[in-house]
Amino acid sequence: MDKKKRTNEWGRHRVQILWAFLSNSYLAGFAKGRIYQGKLKNLCVPGLNCYSCPGALGSCPVGAMQAVVGSWNFKLAFYVAGFLMFIGALTGRFVCGWLCPFGLIQDLLHKIPFLKKINTFPGDRLLRKMKYVIFLVFVLLMPMFVVDLLGQGAPYFCKLICPAGTLEGGLPLVLLNKGMRGAIGWLYAWKNVLLAVILILSVIIYRPFCKYICPLGAVYSLFQPVSVFRYKVDQELCTHCGACAKVCKMQVNPVKTPNHPECIRCGRCTKICPTGALNTNVGKFGK
Amino acid sequence: MKEKNKKGRELSGLSDRTAMKIGIGITILGLIFMAFGIWRGEMAVVFEKAVNICMECIGIG
Ligand code: SF4
Ligand code: SF4
Ligand code: SF4
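Protein sequence lines, in the order shown, are assigned to chains A and B. Taking our numbering, I'd label the letters of the first sequence as residues 345 to 631. Taking our numbering, I'd label the letters of the second sequence as residues 539 to 599.
For the record, the hints were derived by calculation from the structure and aren't laboratory data. Since we're looking at a predicted model, the values are computed, not measured. You may find that some hints are simply not true.
To be verified - A few chain A residues facing chain B, derived, Cβ under 10 angstroms: (1) 357; (2) 361; (3) 365; (4) 369; (5) 371; (6) 376; (7) 386; (8) 410; (9) 428; (10) 433; (11) 508; (12) 517; (13) 573; (14) 603.
Quick reminder that beta carbons are idealized off the backbone N, C-alpha and C, glycines included.
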């Protein structure tokens, strides 16, 4: 197989597109400027997918977590925490590589040619820790403790940061809904600026939102070193040519740390390996 | 940084088998947490939030 074929990612993108379509297939929502209100919304989807997207059939786990943590009567979110533990411990960050619509958007934007793509920069490693702080502060602590008179906390990550909410919910609903157009203000403007910055940055840097901001990726990454689905290196076959580390757009060296928290399980490294030394525990993958 | 050794030990110091056992344990614990959360009625809060347009998500609230 030539190198071009081995780095072709359209097999994975097809899965991402199919999943994004399936989980956002309430087409009437787009036609009428409404959202789906059926029973499936009881369930969370594994990726960052806004439940205010007109097509969304399921709930966003980050939004759901904030809703329960911020509610006056619960505060601890066992249902959503359990869901994240289940998905994370079973698959690590497989969802990030294959089943998250916002990951797909960033993947596609990064294919746009640009003068100089940036792989890494001073402070990159440190900045990647920011997503854990965002999870702790905006998803857990603020909704739990910054509350109104009734004891209800707002979903602060959704409110102040989430670009997926702006793109999948804010833009279509405001475009399709006359009443909402009249209600937009500084918050809407701020979130759109943030979205624009992230989308533009995605052309230059691979998945900047996933690397530095996403609280969902942060949670899944914690489980990756112990996840049931794992990568492994056959040290007998590995020639230490470095091809795998070179092709990785998340700057992971899978020979040193095949189950690194930053790896999104895209499979580029397993495909590029000339000796077949890199594999998963369920066989070859990412073709 | 320490490299992964021949027995498949990773930087975390865990062997692949131990890591996987921990992963299976957390997967099961996750299922128990989900069941407990559903029993407590947390799903209703999620549902209620998800079927009404979330003003914070779209940048209005
Ligand atoms: S890090 Fe977040 S946005 Fe990126 S793919 Fe994972 S869940 Fe989706
Ligand atoms: S490409 Fe394969 S042989 Fe080369 S360093 Fe990576 S795992 Fe080893
Ligand atoms: S280590 Fe391999 S699977 Fe993980 S992100 Fe890098 S190229 Fe993709």
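Exercise. Checked against the structure, which of the hints given earlier come out wrong?
Worked result: Failing hints, ascending: 1, 2, 3, 4, 5 and 6.
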